[in-house]
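Now for the letters of each chain:
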Amino acid sequence: MQITCTINRKPCHFECEPDQRALDVLREKGMLSVKEGCGEGECGACSIFFNGKLVNSCLLLAPQIQDAEIFTLEGLQKETETIRENFAKEGAVQCGFCTPGFVMRAYDYIEQGGSKNEKSLKEALDGNVCRCTGYQKIVEAILKSMT
Amino acid sequence: MYLRAKDLDDAMQLITEHPDFLLICGSTDVAVQLKNQKPVNGIIDISALNELQYIKIASNTMVIGALTTITDILESTEVQTHLPLLIAAAEVFASHQIRNLATLGGNIANASPAADLVTPLLALDATVTLGSQEGERVIDLEDLFCGYKCTKLDHEIILGITIPLQKHLWYYRKTGVRERLNIAKVSLSMIKNSKGYCISGASLNPYALRFRHVENLLNSSDFNDEKIKEALELDISPSGSLRSTKVYRMRVAFNMIKEALSGFTAL
Numbered sequence: 807m808q809i810t811c812t813i814n815r816k817p818c819h820f821e822c823e824p825d826q827r828a829l830d831v832l833r834e835k836g837m838l839s840v841k842e843g844c845g846e847g848e849c850g851a852c853s854i855f856f857n858g859k860l861v862n863s864c865l866l867l868a869p870q871i872q873d874a875e876i877f878t879l880e881g882l883q884k885e886t887e888t889i890r891e892n893f894a895k896e897g898a899v900q901c902g903f904c905t906p907g908f909v910m911r912a913y914d915y916i917e918q919g920g921s922k923n924e925k926s927l928k929e930a931l932d933g934n935v936c937r938c939t940g941y942q943k944i945v946e947a948i949l950k951s952m953t
Numbered sequence: 164m165y166l167r168a169k170d171l172d173d174a175m176q177l178i179t180e181h182p183d184f185l186l187i188c189g190s191t192d193v194a195v196q197l198k199n200q201k202p203v204n205g206i207i208d209i210s211a212l213n214e215l216q217y218i219k220i221a222s223n224t225m226v227i228g229a230l231t232t233i234t235d236i237l238e239s240t241e242v243q244t245h246l247p248l249l250i251a252a253a254e255v256f257a258s259h260q261i262r263n264l265a266t267l268g269g270n271i272a273n274a275s276p277a278a279d280l281v282t283p284l285l286a287l288d289a290t291v292t293l294g295s296q297e298g299e300r301v302i303d304l305e306d307l308f309c310g311y312k313c314t315k316l317d318h319e320i321i322l323g324i325t326i327p328l329q330k331h332l333w334y335y336r337k338t339g340v341r342e343r344l345n346i347a348k349v350s351l352s353m354i355k356n357s358k359g360y361c362i363s364g365a366s367l368n369p370y371a372l373r374f375r376h377v378e379n380l381l382n383s384s385d386f387n388d389e390k391i392k393e394a395l396e397l398d399i400s401p402s403g404s405l406r407s408t409k410v411y412r413m414r415v416a417f418n419m420i421k422e423a424l425s426g427f428t429a430l
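Residue numbers (the numbering used here), protein chains in the order written: chain A, 807 to 953; chain B, 164 to 430.
In short, the hints are calculated from the structure, not lab data.
Any given hint could be a false lead.
Derived DSS-like pairs: lysine-lysine, alpha-carbon spacing no greater than 27 Å straight-line [claimed, not checked]: (1) B:K421 <-> B:K330; (2) A:K950 <-> A:K925; (3) A:K928 <-> A:K895; (4) A:K859 <-> A:K922; (5) B:K198 <-> A:K835; (6) B:K201 <-> A:K841; (7) A:K884 <-> A:K943; (8) B:K421 <-> B:K390; (9) B:K312 <-> B:K198; (10) B:K409 <-> B:K421; (11) B:K198 <-> A:K841; (12) B:K219 <-> A:K859; (13) B:K169 <-> A:K859; (14) A:K884 <-> A:K928; (15) B:K392 <-> A:K859; (16) B:K169 <-> A:K816.
Here are the computed distance ranges between Cβ atoms for each label pair [to be verified]: (17) A:E887 <-> B:K330: 47 to 53 Å; (18) B:K409 <-> A:Q808: 49 to 55 Å; (19) B:P327 <-> A:F903: 44 to 50 Å; (20) A:K928 <-> B:F427: 25 to 31 Å; (21) A:L949 <-> B:R406: 31 to 37 Å; (22) B:N379 <-> A:M952: 51 to 57 Å; (23) B:K169 <-> A:K928: 39 to 45 Å; (24) A:E821 <-> B:K330: 55 to 61 Å; (25) B:N379 <-> A:E880: 58 to 64 Å; (26) A:E924 <-> B:D306: 43 to 49 Å; (27) A:G858 <-> B:K409: 40 to 46 Å.
These figures come from a predicted structure and were not determined experimentally.
The beta-carbon is built from N, C-alpha and C at its ideal position, and this holds for glycine as well.
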């Protein structure tokens, strides 16, 4: 199938199979911040912005991004600079595999005017899983990015 | 094969031409199905049907378009004001990323016994409007299901869900292995309005239905724990699954009914 969309502000045109996932085509196109963790919508490592909404790209079929506006972390380097610096400063990274997904969710949460209340933030992270750090440092890094 | 419907007429024509194809919108369920190597005959993507994404109030009912996402529902002040039960269930629906993609129509059409929003809608006496090239028909949501992951949709598309608005008390509770991204081991939705009790629960039957025996018993006002248990056993037939056991589900469903009776939330 022929797909036309915008990825990180650039018009894109590519060929895909009907049962391919958005995750697969984005990685094929070199967007390696988009990670495959669980592949069934539980871990959030593959989070991307799809027409302004954060979604799991493992649950989105590639043909569905026809005419869509897609952002991956590669296209949000400037916007997420503070968040990424705070993840580094707070030690909110161990193996790093989940980090792009958490940074995307943190950016999404802050942009939507999310509360600084720790409980609200933790609930907002319900779609992202980290198997190394135990979350506290991630929460602290995001809270720090909100001040 | 992957077909993209341009509008509602186009979608209905595609369904007629390809009755064995699967309708998708958010694709959060079908993507997992494909991953688990369960192929589908073909796909009709209806996500471009923006006319089915709305929430409106008309003559004492709320009408929610089938393509309304779970996030749309959570953010709707109308739903927050009139249907807090639906909000309570939507809050613990999957995760933020999935709520952004998943639609109310999809949650219904997938017909999972664990579907989070189906049983609150059953307790709220919802009806569904179905459309096809033949026309439209309205049926009770309860009459849509006919087996495990099975619906009576007949070359039809779910257009919208209509919920009567009236004063009621409500209760909602969901249990599972964790608080979020949690497929229900058991959930219970219970309403008390001027006509009496309306009860439904997830993961307690092969498909979602109302608990009529318990409702009738509670409406009679002549009940005790033993009678509730007996009625509940007539209403539910939980199976043991990967997520839970039959004994757990029976006991927790009973406990939830007791909890609801002791502390409803008023609307």
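Exercise for review: For the range 40 to 46 Å, tell me whether the beta carbons of A:G858 and B:K409 fit it or not.
Suggested key: Because 44 Å falls inside the window, the suggested range holds.
Practice item. Evaluate the given range 49 to 55 Å for the C-beta pair formed by B:K409 and A:Q808. Key: holds, 51 Å
Point to revise | Restraint check for B:K409 with B:K421, where alpha carbons must lie at most 27 Å apart | key: holds, 19 Å
Review point. Straight-line Cα separation of A:K928 and A:K895 no greater than 27 Å?
Key: holds, 20 Å
**Study point:** Hinted pair A:K950 and A:K925, Cα distance within 27 Å
**Key:** OK: A:K950 and A:K925 at ~15 Å, within 27 Å.
Review point. For the pair A:K928 and B:F427, does the Cβ-Cβ distance stay inside 25 to 31 Å?
Key: For B:F427 against A:K928, whose Cβ atoms are near 28 Å apart, the range 25 to 31 Å holds.
**Study point:** B:D306 and A:E924 - C-beta distance against the hinted 43 to 49 Å
**Key:** Holds, at about 45 Å.
Point to revise | Agreement of B:K201 and A:K841 with the hint, judged by alpha carbon distance not exceeding 27 Å | key: Roughly 23 Å between the alpha carbons, so the hint for B:K201 and A:K841 holds.
Practice item. Take the C-alpha atoms of B:K421 and B:K330, compute the straight-line distance between them, and say whether it is at most 27 Å. Key: holds, 22 Å
**Study point:** Satisfaction of hint between B:K198 and B:K312, Cα-Cα up to 27 Å
**Key:** holds, 18 Å
Practice item. Sort out whether A:K859 lies within 27 Å of B:K169, counting only the CA atoms. Key: holds, 22 Å
Check your understanding: Given the hinted pair A:K884 and A:K928, is their alpha-carbon gap at most 27 Å?
Key -> holds, 25 Å
Violated hint for the displayed structure: number 15, the only one.
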